[in-house]
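> Sequence:
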Amino acid sequence: MAWIDYLYTGNKESLEEFYADLKAKTLLPLADETGLISTRTGKVTPEILQSIHLNDQLRDIVDWPHTGILGLGKNEAGETDGFVFQDVNTVVNAYHYYALKVMGTIAAQLGKPDESDFYNQRATALKKTFNAKFIDSKRKIYTDGIGTDHASLHANMFPLAFGLAPDKYVDEINAFIRSRGMACSVYGSQFLMDAVYDGHNADYGLELLTSTDERSWYNMIRAGSTITMEAWDDKYKPNQDWNHAWGAVPANNIPRKLMGIEPLEPGFSKIQIKPQPGGLRQAEIKHPTIRGDVLVSFQNEPDKSFHLTVSIPANTTADIYLPFWSKKQAVTMNGEKVKLRNTGKFIRIEGVGSGTHRFEVR
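The opening position of the sequence shown corresponds to residue 1 in full-length UniProt numbering, with each subsequent residue numbered one higher.
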């Protein structure tokens, strides 16, 4: 969140003030000789708890609530998709990897090149170890931890969302994630939705956003709430409240992933516009940024044509991504053919300047 705040605001004061706290929260002292961390191997000390300002037990959660607590019976499933907790767990180490990766970037922005190199090297080494230890190479998916062959939704959505999954396994991980459905809480759904779109599974993303099942945002409306709830329904967390920010995933996922507007550099000095409409025929959005509004609209006939209009604020540039479905398709920008770069399922047009631009793919 600290890094995202900087990306959206361009203000590094918070990073500078809390840099020592952020370093402590990487939990590096909990790492073993392989770089993997654990809260269950005797490494948690009072000094570590003090450094992260925690006056309670440090333990693995994965998602919330678990079976048998907060009004759930022992035979009522919690929100962890049956996650089998081990001493060294996949989800915990996925978070650790992402923390190291982000700290490397933060350190660089704060003019600390040696510390940036340290965190980047730790992240690179951990990624290699993570995939060696947690991937079931036969099934091509992640298991919950060292010592179990159980594979949960969480063990797969977090690595995909955090950029850990090798390209050669992404299709299988995507298929497994889809097979589990919304087997997570509204908190977990943030990372599920990010994983789905980062895995370029836009049709499934749209399906989840528009679902009317019990485990859906529509169900919060059906339950009578006028704001996002803490859980999908009272039955999943009997003591839930009906005013919970972590339930508002579509409010950030639609602009960031479906419409594809994300800052590439702090303060939106450079923007990515990468719509992933799936089967959605048309949409438009006005996205406020510190540099001015970004406007995006599209008309979409999947695998036939795609029309995109963007308005980019002054003093910024954007990388535009358009859908790719055939080597024979033609692409124009403001009526003229453009030089483009194929990046798998997308065509990328780099460095588009401020103003209104129209793109057509046929």
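Source of the hints: derived by calculation from the structure; they are not laboratory data. Do not rely on the hints blindly, as some may be mistaken.
Here are the simulated lysine-lysine pairs, DSSO-like style, with alpha carbons at most 27 Å apart [what the hints assert, rightly or not]:
1. Lys328 x Lys286
2. Lys140 x Lys127
3. Lys138 x Lys128
4. Lys138 x Lys112
> Next, verify each hint and record whether it holds.
Here is how each hint holds up against the structure:
no., hint, verdict
1, Lys328 x Lys286, "violated, 32 Å"
2, Lys140 x Lys127, "holds, 16 Å"
3, Lys138 x Lys128, "holds, 18 Å"
4, Lys138 x Lys112, "violated, 42 Å"
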